[in-house]
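**Student:** Now for the letters of each chain:
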Amino acid sequence: MEPLLVVRNVEKIYGNSANTFKALENISFKIDHGEFVGVMGPSGAGKSTLLNVLATIDSPTNGDIFISNDNIAKMKEEALSDFRRDHLGFIFQDYNLLDSLTVRENILLPLAIAKKPAAVIQARVDTIARTFGISNLLDKYPYQISGGQKQRTAASRALVSNPKLIFADEPTGALDSKSATDLLESLSKMNVEHETTIMMVTHDAYAASFCRRILFIKDGQLLKEIFRGTKTRKEFFQMILVELAQLGGDVHDVI
Amino acid sequence: MTLFDLALKNIRRNMKNYSLYIGSTIFSIIIYFTFVTLKYSEDISALAETSKQISGIMSASAFVLMIFVAIFIAYSNSFFMKKRKKEVALYSLLGVRKRSIGFMLFFENMVIGLFSLVVGIGLGFLLSRVLLTILMKLMGLDIVIGFAFSMNAVINTLIVFFIIFLFTSIQGYRVIYQFKLIDLFHAEKKGEELPKARIISALLGVVSLAAAYWLALQDLATSSIWRMLSLTMPIVIIALTVIGSALLFSSMLVYVLSVMKKNKRWAWKGLNLMTSSQLLYRIKGNTKTLTIIATLSATTITAGGAVFGIYYNADENIQAYTPYTFMWEGAPQEINPNIVEYVEAVHSKTVLIEQGTYEREYAVINQSTFEKLARNLDWSNIQVAQDGDVLMIDAFYDERWSQKIDSVIIEGAEYTVAKLYDKAVFNTSTVGASALVVTDQLYSKITADEKTYQAVQVKDYKNQLALSKKLAAKTENFSSATEDYRASIEASGALLFVGSFLGLVFLVATGSIIFFKMMTEAEEDKGKYTVLYKIGVSKREMKRTIRSQVGMIFALPLGLGLLHGAVALTAFSNLLMMDLLMPVLIWMLAYTLIYTIYYFITVRGFNKTVHLGGMEG
Chain A
1 MEPLLVVRNV
11 EKIYGNSANT
21 FKALENISFK
31 IDHGEFVGVM
41 GPSGAGKSTL
51 LNVLATIDSP
61 TNGDIFISND
71 NIAKMKEEAL
81 SDFRRDHLGF
91 IFQDYNLLDS
101 LTVRENILLP
111 LAIAKKPAAV
121 IQARVDTIAR
131 TFGISNLLDK
141 YPYQISGGQK
151 QRTAASRALV
161 SNPKLIFADE
171 PTGALDSKSA
181 TDLLESLSKM
191 NVEHETTIMM
201 VTHDAYAASF
211 CRRILFIKDG
221 QLLKEIFRGT
231 KTRKEFFQMI
241 LVELAQLGGD
251 VHDVI
Chain B
1 MTLFDLALKN
11 IRRNMKNYSL
21 YIGSTIFSII
31 IYFTFVTLKY
41 SEDISALAET
51 SKQISGIMSA
61 SAFVLMIFVA
71 IFIAYSNSFF
81 MKKRKKEVAL
91 YSLLGVRKRS
101 IGFMLFFENM
111 VIGLFSLVVG
121 IGLGFLLSRV
131 LLTILMKLMG
141 LDIVIGFAFS
151 MNAVINTLIV
161 FFIIFLFTSI
171 QGYRVIYQFK
181 LIDLFHAEKK
191 GEELPKARII
201 SALLGVVSLA
211 AAYWLALQDL
221 ATSSIWRMLS
231 LTMPIVIIAL
241 TVIGSALLFS
251 SMLVYVLSVM
261 KKNKRWAWKG
271 LNLMTSSQLL
281 YRIKGNTKTL
291 TIIATLSATT
301 ITAGGAVFGI
311 YYNADENIQA
321 YTPYTFMWEG
331 APQEINPNIV
341 EYVEAVHSKT
351 VLIEQGTYER
361 EYAVINQSTF
371 EKLARNLDWS
381 NIQVAQDGDV
391 LMIDAFYDER
401 WSQKIDSVII
411 EGAEYTVAKL
421 YDKAVFNTST
431 VGASALVVTD
441 QLYSKITADE
451 KTYQAVQVKD
461 YKNQLALSKK
471 LAAKTENFSS
481 ATEDYRASIE
491 ASGALLFVGS
501 FLGLVFLVAT
511 GSIIFFKMMT
521 EAEEDKGKYT
531 VLYKIGVSKR
541 EMKRTIRSQV
551 GMIFALPLGL
561 GLLHGAVALT
571 AFSNLLMMDL
581 LMPVLIWMLA
591 YTLIYTIYYF
601 ITVRGFNKTV
611 HLGGMEG
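Chain order of the listed sequences is A and B. Those letters in the first sequence? Residues 1 to 255, per the UniProt record's numbering, in order. Those letters in the second sequence? Residues 1 to 617, per the UniProt record's numbering, in order.
Simulated from the structure, these hints should not be mistaken for laboratory data. Predicted, not measured: the structure shown is a model, and the values here were computed from it. The reader is advised that the hints may include incorrect statements.
Selected chain A positions facing chain B (in silico; Cβ < 8 Å) [what the hints assert, rightly or not]:
1) Ile57
2) Ala73
3) Met75
4) Glu77
5) Arg84
6) Leu88
7) Ser100
8) Leu101
9) Glu105
10) Lys115
11) Ala118
Just the calculated beta-carbon pair ranges, DEER-fashion [stated by the list, open to error]:
12) B:Lys262 with A:Lys76: 31 to 39 Å
13) A:Lys76 with B:Leu166: 48 to 56 Å
14) A:Tyr143 with B:Ala210: 13 to 21 Å
15) B:Asp315 with A:Lys76: 57 to 65 Å
From the three backbone atoms N, C-alpha and C, an ideal C-beta is built for every residue, glycine too.
My request is simple: use the sequences and hints to build the entire structure.
**Tutor:** So, in structure tokens, the structure goes:
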């Protein structure tokens with residue numbers, strides 16, 4: 001089967017000629033359709049840079065990124081925003097909800113932007129809200145609901161347009177453990193039942209243990225990848241901790 | 001390093017951030033200084049001796065300007081301080097004492113003030129030359145402007161602005177003392193509820209506006225309401241207009257937008273949802289500003305339109321009562337035949353006609369003279385007086401006040417008034433405003449003494465002042481359109497100048513207030529546009545929603561202001577029986593044009609703020 005995402009020799013260099021900093025160096029990997037991939041690494045390893053580059057929010061200095069058959073590294077500004085709208089979904093650590101819109105309106109925004117008919121929008125929003133258990137909150141405003149509910153709203157918004165690929169940047173970073181578990185289980189369910197492809201950046205080993213595969217990066221380079229395979233989540237969690245210990249750095253203190 | 005050094009360095013390094021504030025203070029100073037210079041100018045004061053009106057207008061306007069400039073600077077300053085709260089918080093967090101920060105801000109503001117004063121007075125000096133020339137031109141005077149630097153104006157400006165800057169500096173100092181560190185951490189986390197629309201107050205707004213308009217359009221002479229309220233009427237109208245505008249913004253628009261937002265077919269399309277909810281917040285939060293701007297715009301448009309209308313109609317007004325360039329009683333005079341367009345000797349007899357309790361004097365002319373005069377003035381409906389008929393001419397006739405006369409008694413016989421002309425067929429100040437046209441036969445029967453008048457029309461009548469003066473010295477009962485025109489232009493020209501000057505200041509100030517407001521909001525909205533960018537909204541679409549948001553905020557008060565102005569000017573033109581359509585249209589177009597320029601500047605600023613800040617991450 002054709003892989004969904006192909007990353008080939010991606011490099012990202014910040015700064016001008018006199019004072020450069022390589023945030024990403026020679027990164028290559030593939031993600032297949034229906035995978036749930038985690039990206040881990042110490043602070044400053046280039047996790048967020050990698051995510052931004054893949055998410056078309058930032059552009060790589062060198063290398064190619066193919067999503068399906070489109071090379072997003074070579075796309076123009078206008079084409080990129082259409083591409084984001086049609087094929088990608090985002091979940092951020094700080095939710096990024098628009099506080100002047102209700103939960104329902106926040107969720108339907110990507111569909112409205114894609115100019116879908118109102119009836120279709122209505123049906124899709126209701127379905128996704130049920131999946132994330134926020135059906136009764138649809139007419140509330142973001143400031144009236146809790147952090148966990150906000151993040152589930154953000155996740156609903158990311159998934160409502162059935163994107164090919166979901167990018168999650170530390171989605172549990174600001175949540176308590178109960179809310180984090182709820183969210184991760186919902187994402188996991190979406191991944192299993194609807195074959196939604198998810199790529200999640202995190203430095204929380206617990207969150208990472210929900211993934212099927214984990215990429216470790218350090219100093220801008222891809223270091224290693226581990227697969228969950230048939231292991232239980234708890235076994236995988238232990239495995240991740242071992243890897244992190246070997247990796248060194250400051251990741252440990254976070255756990 | 002002393003505090004003063006720190007303050008100086010602060011300004012020098014942050015020139016870009018400060019430029020908006022400094023720009024508006026310099027602008028205020030230029031405006032004020034220019035105006036005061038004109039007020040103290042010797043050319044103007046020479047003029048003012050002949051016209052007490054002008055000096056009165058200048059003084060009153062200078063006062064209005066002073067108040068306005070003070071408010072404007074205070075507003076820019078508070079906007080500027082708001083932007084710098086974070087910087088202040090940082091100093092405070094690092095442990096700098098409040099007193100030191102306060103002193104620093106105080107010094108800083110004073111330095112800005114001094115700098116603006118120097119620049120403003122310098123530029124104002126140059127500008128006042130230009131404006132003085134324009135003023136003289138408008139008043140139709142050919143005076144060479146001396147290059148005088150008015151010390152009085154400088155001192156006046158220095159004092160006024162020193163007080164204003166002292167005040168704003170103290171204000172800045174006070175901000176520091178009211179400031180709490182905790183505010184910084186909670187500043188962004190506000191949860192405002194979406195405004196609810198109340199239908200009753202929305203309706204009330206429409207009703208009070210309608211009432212104000214209805215009252216304004218009542219006929220002064222016949223309306224019983226005018227008689228009842230008399231002098232309080234304008235106050236009632238203004239109060240109703242202001243209340244109506246405020247309610248319209250706070251309820252009516254909120255209501256309309258809520259309804260639109262609920263309509264899924266419209267709202268759930270593209271960024272319409274975003275546009276409407278942003279506007280809902282913005283209109284609710286800005287009701288006061290929007291009302292002020294609508295009122296200011298209405299005032300400016302009305303005052304400017306009226307003054308411009310009078311100036312524009314000066315020509316027509318003269319023509320109405322002085323249709324011939326020169327007219328005098330007696331023998332013909334020698335005038336260069338190259339410039340003469342029409343000469344006519346008019347014979348007329350004066351009769352007294354009884355009208356109820358009093359007698360009125362009429363100049364009587366015969367049919368053939370009337371026809372010659374009227375045809376020369378391009379009258380279209382020249383009627384012929386039949387036997388037993390007369391035609392009446394009354395230049396001051398106004399159907400609202402004047403008594404209509406159906407018949408007159410001449411030489412013992414009664415004649416029917418077959419037609420009434422309410423315009424002058426010759427210069428009213430030479431012959432009189434009322435005249436009767438009779439058949440040639442009846443004319444010869446009238447026994448009164450015959451007087452002879454000369455009516456002359458020359459080319460380019462506005463510029464025949466020398467000829468006019470020459471004739472005036474030689475003749476009796478002389479009337480001159482040239483002279484009348486000059487007098488009228490002189491008075492209304494000064495009025496027009498002051499009017500457009502103040503109008504421009506108001507316009508720039510209202511435009512700037514909206515600009516400041518929108519820039520603050522752009523800063524607050526940055527995050528929202530970053531989110532939109534990330535979920536795949538194209539820049540083109542974001543620009544479109546920004547355009548419509550900013551556009552609404554500009555268009556709403558402007559539209560309402562134009563509407564208010566249109567109603568007020570209709571009332572004004574009805575009252576004075578003047579056709580103001582053209583001048584008012586020109587004035588409104590000019591106003592709208594400058595507003596539009598502001599709109600584009602604001603949209604650009606908004607885009608810049610939103611894009612530059614939010615798109616990197």
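**Student:** Honestly, which of those hints from before does the structure not fit?
**Tutor:** Numbers 2, 3, 14 - these are the hints that the structure violates, sorted from lowest upward.
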